[in-house]
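Chains F and L, in that order, are what the protein sequence lines are. Residues in the first sequence are numbered from 518 upward in steps of one, following my numbering. Residues in the second sequence are numbered from 20 upward in steps of one, following my numbering.
The set of hints was computed from the structure by calculation and includes no laboratory data. The structure presented is a predicted model; accordingly, all values stated were derived computationally and were not measured. Among the clues, some could well be false.
[Said to hold, decoys possible] Listed next, with one range per pair, are the computed distances between beta-carbon atoms: (1) A73(L) / T576(F): 27 to 35 angstroms; (2) T711(F) / R97(L): 40 to 48 angstroms; (3) F628(F) / K78(L): 29 to 37 angstroms; (4) L666(F) / P238(L): 23 to 31 angstroms; (5) V315(L) / V632(F): 26 to 34 angstroms.
Ideal Cβ positions, reconstructed from N, Cα and C, are used throughout, including at glycine.
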Amino acid sequence: MYAVQIAVDAISLGSLYALVALGIGLIFGIMRLINFAHGDFIALGAYALIVPSASATTTLFVGSWPWPLMVATVILFVMLVALVTERAAFRPMRHARPATLLIGSFAVSFFLQHVVLSVYSSRPKALSIAPGLSEPLIVGGIRILKLDLVVIAVTISLLIVLAVFLKRTSYGIWMRAAAEDFRMARVLGVRANTVIAIAFAISGLLAAIVSIFVVIKGGLLSYRMGVPLVLMGFVATVIGGMGSLVGAVIGGYTVGMVSVALQAVLPTGLRDGRDAFVFIAVILILLWRPGGIVQVAALKERV
Amino acid sequence: MPKFLVPTAALAAGMFVGPALAEEPIIIGFATAQSGWMAAYDEQPVLAAQLAIADINAKGGLLGRPIEFVMADTKTDRAQGAKAGKEVVDKGASLVVVSCDYDMGSPAAFAAEQAGVISISLCANDPKMGVQGVGPHSFSWSFAAQSGGYALAEWAHQQGWKTAYSLLDTTIEFDKSTCAGFNSRWKELAGEAALIGEDTWKNDDPSISAQITRIQSLPEAPDVIMLCTYNPGGASAIKQLRAAGIESALLSSQAMDGDYWLQAVPDLSGFYYNGYMSIFGDEPDAERQALLDRYVATYDKAPTTSNFITGYALIDGYAKAVERAGTDDPDAVLAELNKFKDESVIGIPFTFTPEMHIQLKWPLLMLKVENGKHEAIEYITSTAEPPMGLLFPN
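Work out the full structure, taking the sequences as your base and the hints as a guide.
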């Protein structure tokens, strides 16, 4: 019973990290840019639910709308944020070295966090969205939160839709070509701006979904709420195989499940250092497969 | 020069020099956070301190001298904090007020210590904010987190609760100290077996499902779960605990004060914690309620948490010591502060010794949240003091 319960917890957290890793992996695959601002896209999506204010009490804004409208608005808002960030911050840097792009994304992240901090103050904001989803379903002695089921279901659906998009539509094929060899793709007629914009838009969509789930589960917003998610998402893309979308998903589930498993299994004295053990596991995976679990041909070093 | 101008000039000079010497102000420097994340927690105690300064000035000042204050923003940055401390010391401060946190407030406190100036933290609960962690001129105008844990354990025991579970957020030292105090005192009062389990999590973990599963696998639900945490993780954990159907009483510290986070857990019941006072209109102590009313009237807004009163108490206590010393010279004032024994400042007893510059006992108000509403229950002062080994574990 305990094991099954923990397994459900693990898959749910893994799904969340997989969505984050996918958002980071999409952009890395095409631009070789590790977008640390992705965590702040998530935070901005969450803050869109409330009325902008520095006061201690929270007034619901988009969060009070009927759920389809609320979800659609948050998605559109975060997609807009992602596209504006791409246009204003990343496009001028497009041909810079990867190290410069990395520092650039840190700068964007820092900037977005401080915009939120100055508008909303550092005091966390509390809100309650979709309380019904926080109720448990009792199935054969196991408590499963309805939210966990929704997270798992939505993640799997999104992955299927994304896979179909990438395999069957022309934009999808363009994106896969650009991820494999950007220069060649451009020579063959793929528009760089279009492909990158689509990548950011999808990344924004994924960030919005994660932000809604995080708010329903935790109920609190803070200006640095995206940081632990983007950190784990980044680690997930590294162990999953940078440049591979399947790898990002595998990496996300791996990190989430290892984290929950360790929390459940470590003895009291060591549980404090759970994250240390998660990263030991990450190191072991990288020692076994330095290029990540799914190796992408385009990124393999040619001797 | 015409003859009459010389005596006139001398008289004029005398007019400038004479009264200036008699009314030389006492300068208090606020090296606190006005920007960055710490600002939300420093702002209100600082406003209360400024109210206390205005009150003293209205009564003729301190030792007949007006109190002036200067401010320097630490920007929630340790390096900037050191600069802010130095800045106010250079402006002639005989007291430096620092942030409500040891890590964020100690750089400015160090700057003051190096100049031999007294520094007092608004409400840091870490015993290190004092002689051992800064220097002999440094104080914190609040109580040790371990003592807070002691008081909570004693109150929990008085409620007739038999079993407790300790859930510790390991992100900041304050919570580790609170739980160390609670666990130790609880086991002393209720027995070793009465602490039926412990677990940890980090404030920014997106989910505590695994921790919840562990609690639900216990043979019997605990009577009370001690949550050593702060927001946002604290409210998030409470939301998840209740959503999973855990009905145990939840107990926490003043870090969970305020009702701004209740919107995340509508209709919360069975949540208990300690505050410095009640800011919800039902404060039992008339003097403290009056102080709250005056704060609201002066600043046109209610405080978000009850720790604002430490700012007022800080200035009042410092003024007492200055009056007894007859001067604002830091070493003389320090000697008077070190003699404080159950000295009543806004009704709270303060005791300092040359080795201990933070309170080990404090009258804490226990409050509860029932159906989403705060209610004051009763005041409690712990009956034992944590040993030095618990206060300074490293």
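Status of the hints after comparison with the structure:
no.: 1; hint: A73(L) / T576(F): 27 to 35 angstroms; verdict: holds, 33 angstroms
no.: 2; hint: T711(F) / R97(L): 40 to 48 angstroms; verdict: holds, 46 angstroms
no.: 3; hint: F628(F) / K78(L): 29 to 37 angstroms; verdict: violated, 48 angstroms
no.: 4; hint: L666(F) / P238(L): 23 to 31 angstroms; verdict: holds, 28 angstroms
no.: 5; hint: V315(L) / V632(F): 26 to 34 angstroms; verdict: holds, 31 angstroms
Checked against the numbered hints given earlier, the structure breaks only hint 3 and satisfies all the rest.
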